[in-house]
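J.: Here is how the chains run, residue by residue.
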Amino acid sequence: MRLHPLAAAAALIVATLGHAHAADISHDAATIAPTETDWSSFVELQRFDPSLGVLQQVTLTIRGDLSGIASAESLNNRPTRLTLTLSAELSLVHPDSLVALVSTTPLVSQNFAAAVYDNDTDYGGASGITLSNLTAFSSNSATFTDASTLALFTGQGKVQLPFEAWGLSGVSGAGNLDYDFTTYASGGASVSYLYEPSVALPPVPEPGTWALMFAGLGVVGWLARRRAA
Amino acid sequence: MLAVGAAQASTISFDANYGPARTDWDPQTLSLQRFDPLLGTLNSVTFQFSGTIRSDFNARNKANSPSTATSRLEGSLRFVLPTADEMLLTLSDTRATLLGGKASASDSLTDSDSGLLMLDSDLDAFIGAGSFDLDVFALATSKVTGTGNIQGGVLSYATASASVTYDYTTLPQRSSPVPEPASLALVGLALAAAGLSRRRA
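Just so you know, the sequences run in chain order R and G. If you read the first sequence in this note's numbering, its first letter stands for residue 4, the second for the next number, and so on. If you read the second sequence in this note's numbering, its first letter stands for residue 9, the second for the next number, and so on.
The following block holds chain R by itself, in its conformation from the complex:
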């Protein structure tokens, strides 16, 4: 059966009108307040609502903020170089497998040329130093497309992810020294969902599309009349 040219053209246009582009939506979790390392807490992230469409990709972002004080005193009988580091590893962890999903390690490091021990362990003078108001920031993202992770983030309500901070602060240098470190870590997390929106009704065509459609139908009609003639 030969399909009427007008019908064929109309069917083609409706088919193209049904197509939609991928969309994304993001959610933030409440930040964990600065707390002495090491700590183990959790964040809650809004799941992807499956009524929006088909979830294709999950991007998890972790942010780590450090603040603290690093002090050291060389007790050495020769000048030496001390390196003071404030650091911590922060991780978002899979709630079932307890494998880290994404991690970040903010770090701030400073060198100090210490003189021979000045006979006073006060983290000052010629052989000691106190670095207060140290801060460090870093962030990292990881993308997941595997079925298991997509399933974890799909549904109603929020998913709870363990959030851990492990202190890595330290000092290196002289074989004879005293030190004192305080490290506070604060953490943030966010999630981004890339999805194919579900098509409940065809989207309303743009005015340009309407014009093109009628122009095309007009051409097809004119051709049909010519052939009939």
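Hints are computed from structural coordinates only; laboratory data are not their basis.
The calculated label-pair distances, taken between Cβ atoms and stated as ranges, are: (1) R:P82 x G:S120: 24 to 30 Å; (2) R:D125 x G:N66: 16 to 22 Å; (3) G:S120 x R:S29: 57 to 63 Å; (4) G:N66 x R:K161: 42 to 48 Å; (5) R:S29 x G:P74: 33 to 39 Å; (6) R:N80 x G:S120: 18 to 24 Å.
Treat the numbers as computed from the prediction; the structure is a model and nothing was measured. For glycine and all other residues, C-beta sits at the position ideal for the given N, C-alpha and C.
Let chain R serve as the given structure and place chain G on it in line with the hints.
T.: Chain G only, in chain R's frame:
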């Protein structure tokens, strides 16, 4: 018969040590006795160097939750002879220590090493009366990481020892003097002459 003692190889050793003493040594000195030339002919000088570094770490976890601190010791002992020959020993040790919440811990890290050095030429510095000096440089560095809320300290100590072994050939002992070949020839000639004269007679 003339009694003759053969030359023989022998050794004689001396040693010296220093420490434990706080690093760094910049340097410390060890004294070893020289080889007495009256003993014989010096063939070779062998040195045995050994050293230990010990670092005592103490730490207090200021936080409520337990934490692991990693301590690392790295050090070196460098022996320098009057001939400018050197022996370098490198030392290291690492330990992870679990600190309970609001708890303290102490740990000693230690490492030892030794080396052998033999010299068989330019031995003048080691021959004579009295003793010679060798310098020992000891350096230690430390590293503490892990836990963010920790207060503590490190103290490092080095111990060094050196021994010298002289390998020599003793001068031969004489109960009667050994005749020179020329003297033997003369005796032989005299005996032959005496024999000849007896035959003639």
